[in-house]
Amino acid sequence: MMVTVARGGRRLPRPVIALATALAVLGLTAGCAGGEPAADPRPVTTSSSPAEPVRAPLRGTVIAAGEAENPSLAVKIDNHERARPQIGLNTTDLVFEELVEGGYTRYAAIWQSTVPDEVGPVRSIRPMDPDILSPLGGVVAYSGGQQQFVALMQAAPVQNLIFDRDQTHFFRDTSRRAPHNVVLRAADALADYAEVPAPAPQFAYASDPGGSTASVAGVPSARIAMTFSHIRYPSWDWDAATGTYLRHQEDAPDLDSEGQRIATVNVVALKVPVELGDVPRTVLSGSGEGWFSANGHTVQGIWSKDGRDDPLRFTDSSGSSVLLAPGNTWIELVPAETGTIVTG
786 MMVTVARGGR RLPRPVIALA TALAVLGLTA GCAGGEPAAD PRPVTTSSSP AEPVRAPLRG
846 TVIAAGEAEN PSLAVKIDNH ERARPQIGLN TTDLVFEELV EGGYTRYAAI WQSTVPDEVG
906 PVRSIRPMDP DILSPLGGVV AYSGGQQQFV ALMQAAPVQN LIFDRDQTHF FRDTSRRAPH
966 NVVLRAADAL ADYAEVPAPA PQFAYASDPG GSTASVAGVP SARIAMTFSH IRYPSWDWDA
1026 ATGTYLRHQE DAPDLDSEGQ RIATVNVVAL KVPVELGDVP RTVLSGSGEG WFSANGHTVQ
1086 GIWSKDGRDD PLRFTDSSGS SVLLAPGNTW IELVPAETGT IVTG
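Each residue of the sequence shown is one higher than the last, beginning at 786 in our numbering.
Hints in this document: simulated from the structure, not taken from any laboratory. Quick reminder that beta carbons are idealized off the backbone N, C-alpha and C, glycines included. It is possible that some hints are incorrect.
[To be verified] Computed Cβ-Cβ distance ranges for the label pairs, DEER-style:
#1 V1004 <-> N945: 25 to 31 Å
#2 V1068 <-> G851: 25 to 31 Å
#3 A936 <-> E866: 28 to 34 Å
#4 I848 <-> L1061: 40 to 46 Å
#5 V1004 <-> G1104: 18 to 24 Å
#6 T1027 <-> E852: 20 to 26 Å
#7 L1031 <-> S1103: 28 to 34 Å
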């Protein structure tokens, strides 16, 4: 039987193939005899696992390598009626809402993925802010405050930028009434602290909204409503068209200075102890109940925090980490003794 193979469109007889094979063997032998090892003609294959995607530390969104390496910027933002509409809130990564005196609330707003030119109005520091902001490092900007509270913030591992001591990066917006008119030139301020490290990731994130713990294990909830006091009762309504929750304050749509509705991908509502007094102090240590909402669903779980410099941890009923949806997050620090959280 004659065996043939194709070469360049011709079919060669078996004797020719045998001769070619013998010559090839002789060539390999000659190469080895010369002291040089023959090259292995077989292709070299390597196996490697795909690289993990790079994620923004405070949003969990996929970013390009080398992005978001700047420090975080935390700013105490006023939430008095005369301070509204606020500047820059829709570009935040994280916002903490906390109870202050008189039943009002104030924000500790954090920017890192995107830092706008201006944010505000800026107000004074409060005693719970070191516990909120220390895990982030970075820079904190505020207008001032009681010396005992300023001292607590200055003792934290955060760079302090204070309006009543250094007004280089602040100005007063003359279209607003004092004291609700201090504005921070945010991008310029952060540029002066470029050597400060980026924050460590604070929370765990799913790869997409459908993989969030709320979406997988929670129940549908179109609305999350909180009561901080008789004058502060914000709420969030699920908007499937944008994939975000839209904010109300005291039953009115909450708008930013651009006329856009305040929106967030995640709503985290925590029951926290509050020490009442002339200046209320949220006790952000220990553990308590939490409600975690994303993708139109809510799951109940537990928040915990060990010390000032430790991040908040969110776990479900089985003790597993709660996975948020990639995107921005509002954390509502609702007084455990007097506040309410209702989802549905």
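Now the hints, each set against the structure:
1. V1004 <-> N945: 25 to 31 Å: 43 Å Cβ-Cβ, so the 25 to 31 Å window is violated.
2. V1068 <-> G851: 25 to 31 Å: Since the Cβ atoms of V1068 and G851 sit about 39 Å apart, the hinted range of 25 to 31 Å is violated.
3. A936 <-> E866: 28 to 34 Å: holds, 30 Å
4. I848 <-> L1061: 40 to 46 Å: For L1061 against I848, whose Cβ atoms are near 42 Å apart, the range 40 to 46 Å holds.
5. V1004 <-> G1104: 18 to 24 Å: holds, 20 Å
6. T1027 <-> E852: 20 to 26 Å: holds, 24 Å
7. L1031 <-> S1103: 28 to 34 Å: holds, 31 Å
In the structure shown, a violation is registered for the earlier hints numbered 1 and 2, in ascending order.
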